[in-house]
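Undergrad: The task is simple: from the sequences and hints, build the whole structure.
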Amino acid sequence: GDSVTQMEGPVTLSEEAFLTINCTYTATGYPSLFWYVQYPGEGLQLLLKATKADDKGSNKGFEATYRKETTSFHLEKGSVQVSDSAVYFCALLAAGSYQLTFGKGTKLSVIP
Amino acid sequence: SAVISQKPSRDICQRGTSLTIQCQVDSQVTMMFWYRQQPGQSLTLIATANQGSEATYESGFVIDKFPISRPNLTFSTLTVSNMSPEDSSIYLCSGRGGFQETQYFGPGTRLLVL
Chain A
1 GDSVTQMEGP
11 VTLSEEAFLT
21 INCTYTATGY
31 PSLFWYVQYP
41 GEGLQLLLKA
51 TKADDKGSNK
61 GFEATYRKET
71 TSFHLEKGSV
81 QVSDSAVYFC
91 ALLAAGSYQL
101 TFGKGTKLSV
111 IP
Chain B
1 SAVISQKPSR
11 DICQRGTSLT
21 IQCQVDSQVT
31 MMFWYRQQPG
41 QSLTLIATAN
51 QGSEATYESG
61 FVIDKFPISR
71 PNLTFSTLTV
81 SNMSPEDSSI
91 YLCSGRGGFQ
101 ETQYFGPGTR
111 LLVL
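In order, the protein sequence lines correspond to chains A and B.
FYI, in my numbering the residues of the first sequence are 1 to 112.
FYI, in my numbering the residues of the second sequence are 1 to 114.
To be clear, the hints were calculated from the coordinates, so they are not data collected in a lab.
A couple of the hints might just be wrong.
Example chain A residues on the side facing chain B (calculated, C-beta under 7 Å, incomplete) [as the list claims (entries may be wrong)]:
| hint | residue |
| --- | --- |
| 1 | P10 |
| 2 | E42 |
| 3 | G43 |
| 4 | L44 |
| 5 | L46 |
| 6 | L100 |
| 7 | F102 |
| 8 | K104 |
One-sided and incomplete, this derived list gives chain A residues near chain B with beta-carbon spacing under 10 Å [claimed, not checked]:
| hint | residue |
| --- | --- |
| 9 | S32 |
| 10 | F34 |
| 11 | Y36 |
| 12 | Q38 |
| 13 | G41 |
| 14 | K49 |
| 15 | V87 |
| 16 | F89 |
| 17 | A91 |
| 18 | L93 |
| 19 | Y98 |
| 20 | Q99 |
Anything over 10 Å on all C-beta distances counts as not near chain A; from chain B, calculated [said to hold, decoys possible]:
| hint | residue |
| --- | --- |
| 21 | D11 |
| 22 | L45 |
| 23 | E54 |
From the three backbone atoms N, C-alpha and C, an ideal C-beta is built for every residue, glycine too.
TA: This is how it looks when you write it as structure tokens:
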């Protein structure tokens, strides 16, 4: 079946550090890929998405590239801020499926 | 994009009682979903809310425990029935405009059962 594997957290970084959160997936066909962010005490917000191979999704300084050859969709940001502290979820929507498949989430804490 | 609101945002309930959570979307969506997120965990799909018919439940979830209504394309309710402390979770409503379109989430309802 479809699955998403994210790097284990929690991740603690200093402000202005470089962020990478790894995400790999298993799915048949060509899924759409998403990163959602959940700030403390809130629901999930869509951060970025990519719908086909080599697409790069970007938003708020975050970016991720859909790599079909490595089945990956790693999240990156060049300089994190304290306000980026949240839980990040990688997710996929398989072609022909109605159901999102989520990773377990990675908690990021950014310290001043 | 779709904006999704939920009521209540949080509640503390006694064992054995029931709570109904309301979900309102600001635009018509084809698909609506209810998820549960236990503390520190990822999301688990409870069911797909179908307009005008019975919801489609995922394995491990049953209608008697989690009755769902969806009278139109913008509104749905989830009831958590005969609650126990194990039902303490965040319940999230979600909507999608079409089959392969982006899925949006409400802010969640934080439920504590004593």
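Undergrad: Look at each hint and say if it fits the structure.
TA: Hint by hint, here is what the structure shows:
1. For A/P10, the suggested interface contact is broken, since its CB lies about 10 Å from the closest CB of chain B, more than 7 Å.
2. With 7 Å as the threshold, the beta carbon of A/E42 comes within range of chain B, its nearest partner Cβ sitting at about 6 Å, so the hint holds.
3. Residue-level restraint check for A/G43 holds (minimum Cβ-Cβ distance to chain B is 4 Å; threshold 7 Å).
4. Among the interface hints, the one on A/L44 holds; its C-beta lies about 4 Å from the nearest C-beta in chain B, closer than the 7 Å criterion.
5. Hint status for A/L46 relative to chain B: holds, with the closest Cβ pair at about 6 Å, below 7 Å.
6. Hint on A/L100 holds. Least Cβ distance to chain B is approximately 6 Å, under the 7 Å limit.
7. Taking 7 Å as the C-beta contact cut-off toward chain B, the hint placing A/F102 at the interface holds, the least distance being around 5 Å.
8. The beta carbon of A/K104 comes within 5 Å of a beta carbon in chain B, closer than 7 Å, and the hint placing it at the interface holds.
9. With its C-beta approaching chain B no nearer than about 7 Å, A/S32 sits inside the 10 Å limit, and its interface hint holds.
10. Interface hint at A/F34: satisfied, since its Cβ lies 8 Å from the closest Cβ of chain B, which is below the 10 Å cut-off.
11. With its C-beta approaching chain B no nearer than about 7 Å, A/Y36 sits inside the 10 Å limit, and its interface hint holds.
12. The interface hint given for A/Q38 is met, as the beta carbon of that residue sits about 9 Å from the closest beta carbon of chain B, less than 10 Å.
13. A least Cβ separation of about 8 Å between A/G41 and chain B falls short of the 10 Å threshold, and the interface hint therefore holds.
14. Interface hint at A/K49: satisfied, since its Cβ lies 6 Å from the closest Cβ of chain B, which is below the 10 Å cut-off.
15. Checking A/V87 against chain B: minimum C-beta separation of about 9 Å stays under 10 Å; hint holds.
16. Proximity of A/F89 to chain B holds as hinted, the smallest CB-CB distance being about 7 Å (cut-off 10 Å).
17. A distance limit of 10 Å between C-beta atoms decides the matter here; for A/A91 the minimum to chain B is near 8 Å, and the interface restraint holds.
18. About 7 Å separates the beta-carbon of A/L93 from the nearest beta-carbon of chain B, less than 10 Å, and the hint is met.
19. Annotation: interface hint on A/Y98 holds; nearest CB of chain B at approximately 6 Å, less than 10 Å.
20. For A/Q99, the shortest C-beta to C-beta distance to chain B is roughly 6 Å, which falls under 10 Å, so the interface hint holds.
21. Separation of B/D11 from chain A is adequate, the least Cβ-Cβ distance of about 15 Å exceeding the 10 Å criterion.
22. Chain A draws B/L45 into its interface by the beta-carbon criterion, the shortest separation being 6 Å against a cut-off of 10 Å.
23. Every C-beta of chain A lies more than 10 Å from that of B/E54, the closest at about 16 Å, which supports listing it as non-interface.
Checked against the numbered hints given earlier, the structure breaks hints 1, 22 and satisfies all the rest.
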